[in-house]
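A.B. asks: Listed below, chain by chain, are the residues.
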Amino acid sequence: MAETKEISIGDMGARAGSYHDELQGEDMEINVGPSHPTTHGVLRLLMELDGDIITKCEPIVGYLHRGDEKIAENMTYNQFVPYTDRLDYIAPLANNVTYAMAVEQLAGLELPPRCQAIRLLVTELARISSHLLGIGVYGMDAGAWTPFMYTFTEREKLYGLFEELTGARFTTSYTRIGGVARDVPEGWLQRVLDFCDQHLPILEETTKLLTRNRIFMDRTEGVGVISKEDALAYGITGPNLRACGIDLDLRKDRPYLGYDQYEFDVPVGTTGDCYDRYLVRAEEVRQSIRIVRQVIKNFPDGAWYAEDAKKIYKPAKDKVLTSMEELIQNFMIVTEGPRMPAGEVYFEAENPKGILGFFIVSKGGGVPYRMKIRSPSFCNLSILPKLCPGSYLSDITVLLGSLDFVMGECDR
Amino acid sequence: MELTSILLKIVFAVLMIVVVMTMAGYSVLIERKVSSWVQGRVGPNRTAPFLVNYIPFIGPLLVRMGIFQPMADGLKFLFKEEITPGHVNKTYYFLAPILALVPALTTMVVIPFGQYTDPSTGASNPLMLAPLDIGILFIFAVSSLGVYGIVLAGWSSNNKYSFLGAIRSSAQMISYELSLGLSVFPLFLWLNAPGVEGGLGLNAVVDYQQNFWFIFVQPLSALLFLVAIFAETNRLPFDMAESETDLVGGFHTEYGCFKFGIFFVAEYAHIVIGSALFTLLFLGGWHFLPGLSDPWPAGWIGAVLSTIWFLVKTVILIVFFVLIRWTLPRFRYDQVMKLGWTILLPLAIGNLILNAIIIALIDSQ
Numbered sequence: 001m002a003e004t005k006e007i008s009i010g011d012m013g014a015r016a017g018s019y020h021d022e023l024q025g026e027d028m029e030i031n032v033g034p035s036h037p038t039t040h041g042v043l044r045l046l047m048e049l050d051g052d053i054i055t056k057c058e059p060i061v062g063y064l065h066r067g068d069e070k071i072a073e074n075m076t077y078n079q080f081v082p083y084t085d086r087l088d089y090i091a092p093l094a095n096n097v098t099y100a101m102a103v104e105q106l107a108g109l110e111l112p113p114r115c116q117a118i119r120l121l122v123t124e125l126a127r128i129s130s131h132l133l134g135i136g137v138y139g140m141d142a143g144a145w146t147p148f149m150y151t152f153t154e155r156e157k158l159y160g161l162f163e164e165l166t167g168a169r170f171t172t173s174y175t176r177i178g179g180v181a182r183d184v185p186e187g188w189l190q191r192v193l194d195f196c197d198q199h200l201p202i203l204e205e206t207t208k209l210l211t212r213n214r215i216f217m218d219r220t221e222g223v224g225v226i227s228k229e230d231a232l233a234y235g236i237t238g239p240n241l242r243a244c245g246i247d248l249d250l251r252k253d254r255p256y257l258g259y260d261q262y263e264f265d266v267p268v269g270t271t272g273d274c275y276d277r278y279l280v281r282a283e284e285v286r287q288s289i290r291i292v293r294q295v296i297k298n299f300p301d302g303a304w305y306a307e308d309a310k311k312i313y314k315p316a317k318d319k320v321l322t323s324m325e326e327l328i329q330n331f332m333i334v335t336e337g338p339r340m341p342a343g344e345v346y347f348e349a350e351n352p353k354g355i356l357g358f359f360i361v362s363k364g365g366g367v368p369y370r371m372k373i374r375s376p377s378f379c380n381l382s383i384l385p386k387l388c389p390g391s392y393l394s395d396i397t398v399l400l401g402s403l404d405f406v407m408g409e410c411d412r
Numbered sequence: 001m002e003l004t005s006i007l008l009k010i011v012f013a014v015l016m017i018v019v020v021m022t023m024a025g026y027s028v029l030i031e032r033k034v035s036s037w038v039q040g041r042v043g044p045n046r047t048a049p050f051l052v053n054y055i056p057f058i059g060p061l062l063v064r065m066g067i068f069q070p071m072a073d074g075l076k077f078l079f080k081e082e083i084t085p086g087h088v089n090k091t092y093y094f095l096a097p098i099l100a101l102v103p104a105l106t107t108m109v110v111i112p113f114g115q116y117t118d119p120s121t122g123a124s125n126p127l128m129l130a131p132l133d134i135g136i137l138f139i140f141a142v143s144s145l146g147v148y149g150i151v152l153a154g155w156s157s158n159n160k161y162s163f164l165g166a167i168r169s170s171a172q173m174i175s176y177e178l179s180l181g182l183s184v185f186p187l188f189l190w191l192n193a194p195g196v197e198g199g200l201g202l203n204a205v206v207d208y209q210q211n212f213w214f215i216f217v218q219p220l221s222a223l224l225f226l227v228a229i230f231a232e233t234n235r236l237p238f239d240m241a242e243s244e245t246d247l248v249g250g251f252h253t254e255y256g257c258f259k260f261g262i263f264f265v266a267e268y269a270h271i272v273i274g275s276a277l278f279t280l281l282f283l284g285g286w287h288f289l290p291g292l293s294d295p296w297p298a299g300w301i302g303a304v305l306s307t308i309w310f311l312v313k314t315v316i317l318i319v320f321f322v323l324i325r326w327t328l329p330r331f332r333y334d335q336v337m338k339l340g341w342t343i344l345l346p347l348a349i350g351n352l353i354l355n356a357i358i359i360a361l362i363d364s365q
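Residue numbers (the numbering used here), protein chains in the order written: chain A, 1 to 412; chain Y, 1 to 365.
Quick caveat, the hints were computed from the structure, so don't treat them as lab data. Since the model is a prediction, treat every value here as computed from it, not as a measurement. There could be a bad hint or two in this list.
What the hints assert, rightly or not - Among the chain A residues that face chain Y by a calculated CB cut under 7 Å, a handful are:
1) E26
2) I30
3) T38
4) D52
5) T76
6) T153
7) I215
8) R219
9) G390
10) Y392
11) L393
12) S394
13) I396
14) T397
All C-beta atoms in this analysis are idealised placements derived from N, C-alpha and C, irrespective of residue type, glycine included.
This is chain Y alone, in the form it adopts within the complex (with noise of 0.2 Å):
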């Protein structure tokens, strides 16, 4: 490979985290303000840098919007004293926040977010970092590797809140992953039907829903699919890894300053992944809306136009997280199981099993 293409790819990987790591802060301002609007406050409105206040109009209104929230949050962590409580593990301890971090930033290596169109050729090709082939079976091994994070922290923090809580999470993310997995096989199934070229790729599913989005061919897919993200990613009604009444905060409640701020960055990273996944899988990606050609020109303006037009949908899905957050109760940790192997889980098998009858009808004709 040329030092160029290689140098390139770095400048896209960090680009990558940034992106990532940015949205995630600004996933936080998301459900900070959208929470205060569904319960009729105001929500983080006064964080405002040096002199920022006297550009006019557009200052004030930043500042109104919270839009510089998120940076003192931010360095709030960073600057907080480093508390390592007496009675922790210390190895596992420090090494938890990192495990819990690093699946969620990988799983985006092969996520596609954009295309660019040669303007020569014609030839369109996804923006993403490594072309893999079995792009969807990576993202499941590797963001399933995010429950050691949460094991690891329950159990070197010694105390006995943040076992429960690890113990609960991890039967959960466990149970979840597969009608998480069982779930978006059909759509594979059809990406692979006999007569279609397609593989396993994201950059593939998205090619797929050129002309029509698959949340309305596999609506039961993209529900099973949906709830198991919102258990995957921990999130209410699904938070039993943290059900702050019953277990305090649950297998952080040991954790403080920066160790804290990175669970919480990888918590919310999962949200923005899961986020771009659901998009890229049921909502067509970056193409423009079902059964209309993509609008974007080519060339590098184009790429931009659908980059962001891909972001555009997967906030809006993080939006649609955060209002079911501050909606509903929590389930108890039985009922989440039950949930998830008498419910999901065989409405996944059942879901695959007809696809694979669909296809394999169609295939004999």
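Next up, chain A with everything else stripped away, as it sits in the complex (with noise of 0.2 Å):
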């Protein structure tokens, strides 16, 4: 038989006037998560209530810790892709393709235009996704469940693209050391261009919904406000950041995959509250989309992956099986990994979340010796012991969902 325990919120009387000169009750100690419908995976918030109010909020997080950084160390730099899909697991490709360009970095591989253009082409995909989820978390957070299932329609969508293009809708695994893992399907750019022109006359529906709606805006505006200061000590990134007025973005200022050749704007906020987050974000999708019509438009020819690294790229299948030096190539990557020099690098891509950084420090051969990974999650989810008190209970869910963040890439 279990006992009884009692929460003291009364007894009042009895504590009156003890350390406070006015009557006072104790504070609640809540404790939201790890599994909880407003954490979106296993936060767990350790938080003290007084009354509504939040007066301190722990975030505790760990409950999706999986060791990748270690497990890097004990595998080739291929059979760690998959491993990159589980990190933000909203926006898998865009995973792989920052991963696949620091390795890149590492061995200094040039690559060709059409294989730079998918890969672009795929983290912008990846990007609409997953700010559609957000858009759509964020809206059922604040209560309404219609919007979550129109942005979750349009990402099934994406899901059938993605699974056209590399097998699978979730774990997409797409890229390799020195290129992708295949071309893209013959009329498949087509369908992405068709999903383009269904997309954005849902979109305007599903925002409509919230934009302008009197009560999403009495919940968000003026809530969970992070001013400049605090948004770059806290190393907050991607859209949470440009939300706060701070007009960074890698895209455009440290151009990679030659997104210096298309013309999008970069949506910047002025508050910083939770408002300015959602409509960062809706605006990111539209000129996701902008970008994707111009990659499609002008898409180039010629080679998928980066024919003079031999060592790299594995070799196509039917040289494998005819020729004797794509044999060895072949039996070398499969078993050593592909050859890298020693050396450290440190790149990082703007990710849906934020930036996402891989440290690789290398001493030469197919395996890193060390590998360090800067999550956007991690990083922005720090400032919730700064944001959340003084903000009501019921805040917690409009906050965290405005922070999108991906518990798989927080606890790596």
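Need the complex rebuilt from these two chains, each delivered in its own frame; the hints are there to steer you.
C.D. replies: As structure tokens, then:
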């Protein structure tokens, strides 16, 4: 028979005057998560409540820790690609691309334009997919279920496109060091364009449910304001940083994958509250669609992998079966991994959730000596102890929804 | 009282409980179907009792409409394992669902749902269980007891989420009861204005709306009443009691199986009763259309027709409730209180005073 434990909320008279002049109850300690509808995964928040107002909030992370960084030391560079799927599992393609580019920077590889265009295209599609989920779940956190269903239907179409391209809907593992797993299928680009065409009106319809909705604005405006200084001090990146009014987008500031060839705007917020974070995400989806259209318009021909990187990218299967040299190359790449020079590299790219960085130390050979992942979700969540106190308990859903984090990436 | 009339009353009472419970069950179906249509989904379309699928045309159609889904839902609650968490206060834990459902079912005693016109004399009588003179007051008195179920559930569960949900919803229901009551008082002022034989019964309100509906004459009252009903039934955008994203399940977090089912039915019974009340007070009850005389024939056929017309209006309102839920986000707790105390209550008081002045002016001339 379990014991009954009473929550002592009352008993105010007994404590009156003991430590304060006025009547006072005690703060309630409440544990949100690790399994709780608002935490989108396994985030745990230990909070103290004064009535309905949060006085202290301590995020406890690590429930999804798998030791990805240690795992990376025990496998070849290509074998780690599937693990990057499981970082930000809302946008696995963007992780694949960022990881492959970090390793290629270590090897000093130059990619052919078609490979770059494919990678840029899938990164932007992953961004659309991630932001759609961000907006939808955000609406659901505020109590509006319908936008979530609308955006999820759209993501379903994107999953169809991903499956056609990579063979998997969710865990795509699309990139290889020195290229991508396979070329785009025939007619796929046209289907992406079709998706963009039909997606925009649905996006407008979805945001119409939220953007000028009085209740939604009341819930989000002025809630969870992050100042510019705080945002920089806590290392917040991505849409959350841009919502604070800081124009930092690596796609513009340090262009990679040929982002400088395309025209797009970087939406920037003014106040840094939850409402701005929503607006920035919605606008970034539109800008991503703009980029996708431009990429497809001038889609380059040619190879979709680095042809000169014979010791890094696996040779084609028919050559492996007919030519001696390619057979040996294939054997070496599969057994020992791509041949990498010794050295250190840090590469970061603008992922949907923020800046994802890979720091790789190599002592040569096909296996990294040490790898460090800078995950944007972890840094974005670090501001919670500062952000939460003073807001209502109900605000916590909106706050977490607006930060749009993924625990797979945060815990690594 | 004769034995037959007592027996008739009992049969009526059982019938009404069956009807209200069935309507509560089917408003769950309405909720599920309408929400799936809103969101581009299909909704329940599989549940089929034995052999129903073999009835040509009608069988598959009914299955696709999910007509049998509420039965499956109810049976599911019945057959689930009865779990009582170890940390609850058992007496109140078991009492809470009962206290939640009883007021919802009691209010229907004074709700008229149709009229019976005597073919020989031409006199028409409302169909209701108890023609109380204090109808509306009885409803307010009893339905406000429903908050005890929620508060007890929250306290006895010994769970912080339940507790917060219970505290929020009790504060909310008590605040909105004021606006709820004050918003309909103008109606009864007109009903009892000098020269009108009114009373406080709901059948009197319906009789008064023979030629016009109150929603056109008193739109402000109707709006206030509608908002307050949303708050009283704990429906989104006012579902502070549950607000599942931050309070997990709110006051019923610790409840499972049939006890949860009772809370569930109570919530929907509240919606049914709320819609019925709005229909009676503002949409002319069973009267056909504003300005048109009722086409119901005398006798029992007319009684059934008027009841069906009343139910049609009620169901339309239930659909409206559902549509609102799947369109709007949820208020925050402090915003709910602010809306109730600083906007709805002053408006309701102002509306009441305005109507009182108008009646007094008309009377003095």
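A.B. asks: Give a verdict on every hint.
C.D. replies: Hints versus structure:
1. Taking 7 Å as the C-beta cut-off, the interface hint given for A:E26 is violated, the closest approach to chain Y being about 13 Å.
2. The closest approach between the C-beta of A:I30 and any C-beta of chain Y is roughly 5 Å, which is under the 7 Å cut-off, so the hint is satisfied.
3. Checking A:T38 against chain Y: minimum C-beta separation of about 5 Å stays under 7 Å; hint holds.
4. At about 6 Å, the closest approach between the beta carbon of A:D52 and any beta carbon in chain Y falls short of 7 Å, and the interface hint on this residue holds.
5. At a threshold of 7 Å, the smallest CB-CB gap from A:T76 to chain Y is about 43 Å, leaving the interface hint violated.
6. Checking A:T153 against chain Y by beta carbon gives a least distance of about 6 Å; that is within 7 Å, so the hint holds.
7. About 5 Å separates the beta-carbon of A:I215 from the nearest beta-carbon of chain Y, less than 7 Å, and the hint is met.
8. For the restraint placing A:R219 at the interface with chain Y, the shortest Cβ-Cβ distance is roughly 6 Å, inside the 7 Å limit, so the hint holds.
9. Interface hint at A:G390: violated, since its Cβ lies 13 Å from the closest Cβ of chain Y, which is beyond the 7 Å cut-off.
10. Hint on A:Y392 holds. Least Cβ distance to chain Y is approximately 6 Å, under the 7 Å limit.
11. Of the supplied interface hints, the one on A:L393 holds, with its beta-carbon coming within about 6 Å of a beta-carbon of chain Y, less than 7 Å.
12. For A:S394, the suggested interface contact is upheld, since its CB lies about 5 Å from the closest CB of chain Y, less than 7 Å.
13. Given the 7 Å rule on beta carbons, the hint for A:I396 holds: about 6 Å separates it from the nearest Cβ of chain Y.
14. Interface restraint check: A:T397 against chain Y, minimum CB-CB distance 4 Å, threshold 7 Å, status holds.
Violated hints, listed in ascending order, are 1, 5, 9; each of the other numbered hints is respected by the structure.
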